[in-house]
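Going down the list, the sequences are from chains A and B.
Residue numbers for the first sequence, in the numbering used here: 1 to 422.
Residue numbers for the second sequence, in the numbering used here: 1001 to 1464.
Check the hints yourself; a few may be wrong.
Restraint ranges, calculated between C-beta atoms of paired labels, are given here [as the list claims (entries may be wrong)]:
#, chain 1, residue 1, chain 2, residue 2, range
1, B, L1019, A, E41, 14 to 24 Å
2, B, D1207, A, N395, 33 to 43 Å
3, A, N316, B, D1430, 26 to 36 Å
4, B, K1204, A, D192, 52 to 62 Å
5, A, K7, B, K1044, 50 to 60 Å
6, B, K1008, A, H129, 33 to 43 Å
7, B, Q1144, A, D418, 32 to 42 Å
Because the hints were derived from the structure by calculation, they are not lab data.
Treat the numbers as computed from the prediction; the structure is a model and nothing was measured.
Here a beta-carbon is modelled for each residue, glycine too, at the ideal position from N, C-alpha and C.
Listed below, chain by chain, are the residues.
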Amino acid sequence: MIELLLKEDKEISAYDIVTTKTVTSELFYVLNKLETDRHTENNDTTVYIYVDHDGYRGSSTFVVNAADDEDSLKQKILDAKATASKINNKYFDLVMPSDIKPEKIVSIETDDLNSIALRCMDMIVEADHFDNVWINSTEIFVTKKMTRFKNSLGVDLEYTKTTLEVELIPTSRNSSGEEFELYLDLVQIDDDFTKVKRAVEDILQNALYRADAIAYDSETMPYTYASITNDMLVTAISSIKNDLNYMNVLQKSNHYKINDEVVPYDLSIKMLPMIDGVSSSCPFDESGIVLKETDIVKGGKVTSYWGSNRFGQYLNEKPKGSFKTFEVSVENDRRIEDPNGSYMELINFSSPQLDPSSGYFGGEVRLALYHDKDGNITPVTGLSLSGNIYEALVNAYYSKEDKIYRNCKAPKKIYFEDIQLH
Amino acid sequence: MFSSFLNKRKDKCKEIVDLLGKEYPYVSIFAKHAKGKRLIVDSKITQVGESTSLMETEAGFVIKVFNADHYSEYSIDDVEDFDIDVFKKAIALDNLHQDHINVDILNDEPLKKDFERLDPNVLTDDEIVKKLDSFKDYFSSYDQRIVNVTCVFIKREISSMFITKNRELTQYYTWNNCLASLIVSDGKKIKDNYDGTNGHDSLKVLDDFDMLKEDFAKISVALLDATTIEPGVYDVITAPSISGLIAHEAFGHGVEMDMFVKNRAKAKDYIGKRVASEVVSMHDGAAATLSAASYFFDDDGVLAHDTEIISNGILVDGISDVLTALELKKEPTGNSRRESTRRKAYTRMTNTFFLPGTSKKEEMIASIKHGYYLSNTNNGMEDPKNWNIQCTAQYGLEIKDGKFTGKIVSPVVMSGNVLDVLNSISMVSDEYKIIGSGQCGKGHKEWVFVADGGPYMKARVKLG
Chain A
1 MIELLLKEDK
11 EISAYDIVTT
21 KTVTSELFYV
31 LNKLETDRHT
41 ENNDTTVYIY
51 VDHDGYRGSS
61 TFVVNAADDE
71 DSLKQKILDA
81 KATASKINNK
91 YFDLVMPSDI
101 KPEKIVSIET
111 DDLNSIALRC
121 MDMIVEADHF
131 DNVWINSTEI
141 FVTKKMTRFK
151 NSLGVDLEYT
161 KTTLEVELIP
171 TSRNSSGEEF
181 ELYLDLVQID
191 DDFTKVKRAV
201 EDILQNALYR
211 ADAIAYDSET
221 MPYTYASITN
231 DMLVTAISSI
241 KNDLNYMNVL
251 QKSNHYKIND
261 EVVPYDLSIK
271 MLPMIDGVSS
281 SCPFDESGIV
291 LKETDIVKGG
301 KVTSYWGSNR
311 FGQYLNEKPK
321 GSFKTFEVSV
331 ENDRRIEDPN
341 GSYMELINFS
351 SPQLDPSSGY
361 FGGEVRLALY
371 HDKDGNITPV
381 TGLSLSGNIY
391 EALVNAYYSK
401 EDKIYRNCKA
411 PKKIYFEDIQ
421 LH
Chain B
1001 MFSSFLNKRK
1011 DKCKEIVDLL
1021 GKEYPYVSIF
1031 AKHAKGKRLI
1041 VDSKITQVGE
1051 STSLMETEAG
1061 FVIKVFNADH
1071 YSEYSIDDVE
1081 DFDIDVFKKA
1091 IALDNLHQDH
1101 INVDILNDEP
1111 LKKDFERLDP
1121 NVLTDDEIVK
1131 KLDSFKDYFS
1141 SYDQRIVNVT
1151 CVFIKREISS
1161 MFITKNRELT
1171 QYYTWNNCLA
1181 SLIVSDGKKI
1191 KDNYDGTNGH
1201 DSLKVLDDFD
1211 MLKEDFAKIS
1221 VALLDATTIE
1231 PGVYDVITAP
1241 SISGLIAHEA
1251 FGHGVEMDMF
1261 VKNRAKAKDY
1271 IGKRVASEVV
1281 SMHDGAAATL
1291 SAASYFFDDD
1301 GVLAHDTEII
1311 SNGILVDGIS
1321 DVLTALELKK
1331 EPTGNSRRES
1341 TRRKAYTRMT
1351 NTFFLPGTSK
1361 KEEMIASIKH
1371 GYYLSNTNNG
1381 MEDPKNWNIQ
1391 CTAQYGLEIK
1401 DGKFTGKIVS
1411 PVVMSGNVLD
1421 VLNSISMVSD
1431 EYKIIGSGQC
1441 GKGHKEWVFV
1451 ADGGPYMKAR
1461 VKLG
């Protein structure tokens, strides 16, 4: 009904409509016992209307939900028009229909979400086979989301994606009876349950390490390198990626410009509509731009900004779109196996801090593994990291293996030579 | 005014409760109609419209039933065309091979009541945008190093309804936030800073922002000269924003009693024991003060409470949602909260704060030999199991021999053991403030609006 009302209204210059239908199956366990199961079925519609006046393009947004009937929708349209006609924003064009085919999102293909959730739990129980560590609580979310974008110029795009998310807290106990816990948040787009099992086994093993961890002693634990896992790397690189968003450029909060060399100098960042296994993959953005692979940093140099249709045009750029996924890569001569000799592998932070502006990064390390020169591993705790990420990255090395962390594919580990642990 | 949509659905909800009540020993329906509006005036664009965040704008229903030995929930947009067969199919789980937790049936004590709290000075969008424009112009002309200004006003109207066989509750209340984000640059360094005001009275929220804008602009520009702090242990004075952050992280998350059920919180073993110095008292509750989380009943139909968490340094009690309270055989404290009707209710904080003491702020600053005055929340983190906390202040002002030196450090990370931090508190001011502009997650999700705050406090902590 909403589209008909918008089409009939001659005072509306243009509109975008985004609709989603979301169905979920959710299971909540305490000590592997089911406490609550949830099932949701919801529809959302967001409408953006534009009113051109005096050379400006004013806009306003409203939501259509179950509380709206025809009368309330008409009132919302009236209110939005009145608002938009008073807003003096610079003109920009809506996205035009294109022959470019959106990439197909490959995800779990089923309508039986309950079954996926239950099979996932079976695999978690199977992974829970260690002594002195147990799974305290588990939450499983299977979400099927259908998204459709339409605008007044005729763009009509849609895709469906089903994701599986597991949030899990393992608890371990040491020989003195002290208990420790870690946290796993796993999101995947496929139903390869062996990946779930592997991730659960890894976090349980780390929880055991945490229970056995001894206090850090700088005198008895000399190290050449300290490595961090790619969650910190992705957080750091995200700040560079976000720095190059049209919005930051417009707000003059960007540190880098086109052709600037970013730190580290041999790093590349590629924006992608889809990465295998990455749940935030999407073929088009919220303004209807069909997303295509875009290098924003190549060989250490900024090659492009990226971002929304509106802000791209405000910068006189051909808008690249608002990507949700990206890939970080580095030159091969910077990629190594785990280093020979002693090194400190920082596994888990309490709450990693990163100030993109100053480059300060650090935080309290819950678990590290000290690798001595003979290859022995000692779990360590009670240390913290602090340093400048931009300075540290200049001489950093990266693992050969890649790993997905949230919305990014990046080297699994990053090795620093000069980083302060205390 | 309470939502006409929910009013129209009340009888249907009762009908569904009766229908499902024939098969399930406990049935409840929680319904919510929230209207959020965001008015944004930026250096480059103006945006006015309904908020697209489900935390601020939504209409939905949660049907909860006791399903043999655990609880099942079904969240939908509307109940008008409710179909019991579709409902049964949705909650059907072929999981007989898996263990269930075996909880009891929830209490359903009779109560029928309607609650309402109105914004005493509702402003039009035009009036708000005009005021935001004036703030933007003020900041833009304050100093040329302020290169971008974003001023935001968020209006929230919340209607919710809770229906069971014996209970029929409705509530309507509002909350408003005004905030500004400034980007400052001297051509070499770029810094950003934000601050804001909040309340249920729109006009007062804008007037309060008017009062703080000069200090906010001044400190934002000063951040360009900020250095990093030399790591070490210092005496500090925490501003109410940082006191609130400590309350939230140290003993807010720590006493969420769903963590007690999972044996995930050390506080479980400390009820009745000393956890802080004698000058420390702390409360949480939707009824504990008027702020961002001051509802009349929670998302499982429990009336708002004022829970005493710490009294003169002794841990008194925790906070709970209905299921947790059932499992612990305690009375629920009105802390069942959902991000939206699409999410599960967990034990969540509401308005969490330290109570004021007797010291004067000036004498507290004068008592510092060498330390820092910490202000403005950046972020925080807790570890209820092992009692480590980490609180990050946006900035710290150096104090030497009881006087500010003019040196500013940013950001400042305060970390340590909860007991060490709380037991080190030696002075608490007689003035206090509660800040109703926070959002809190559980794990990395399930966001809800919260408030926290307290007095100025003197403590000895590790800074880095």
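Verification of the supplied hints:
no., hint, in the structure
1, L1019/B / E41/A: 14 to 24 Å, "holds, 19 Å"
2, D1207/B / N395/A: 33 to 43 Å, "violated, 53 Å"
3, N316/A / D1430/B: 26 to 36 Å, "violated, 57 Å"
4, K1204/B / D192/A: 52 to 62 Å, "holds, 55 Å"
5, K7/A / K1044/B: 50 to 60 Å, "violated, 30 Å"
6, K1008/B / H129/A: 33 to 43 Å, "violated, 54 Å"
7, Q1144/B / D418/A: 32 to 42 Å, "holds, 37 Å"
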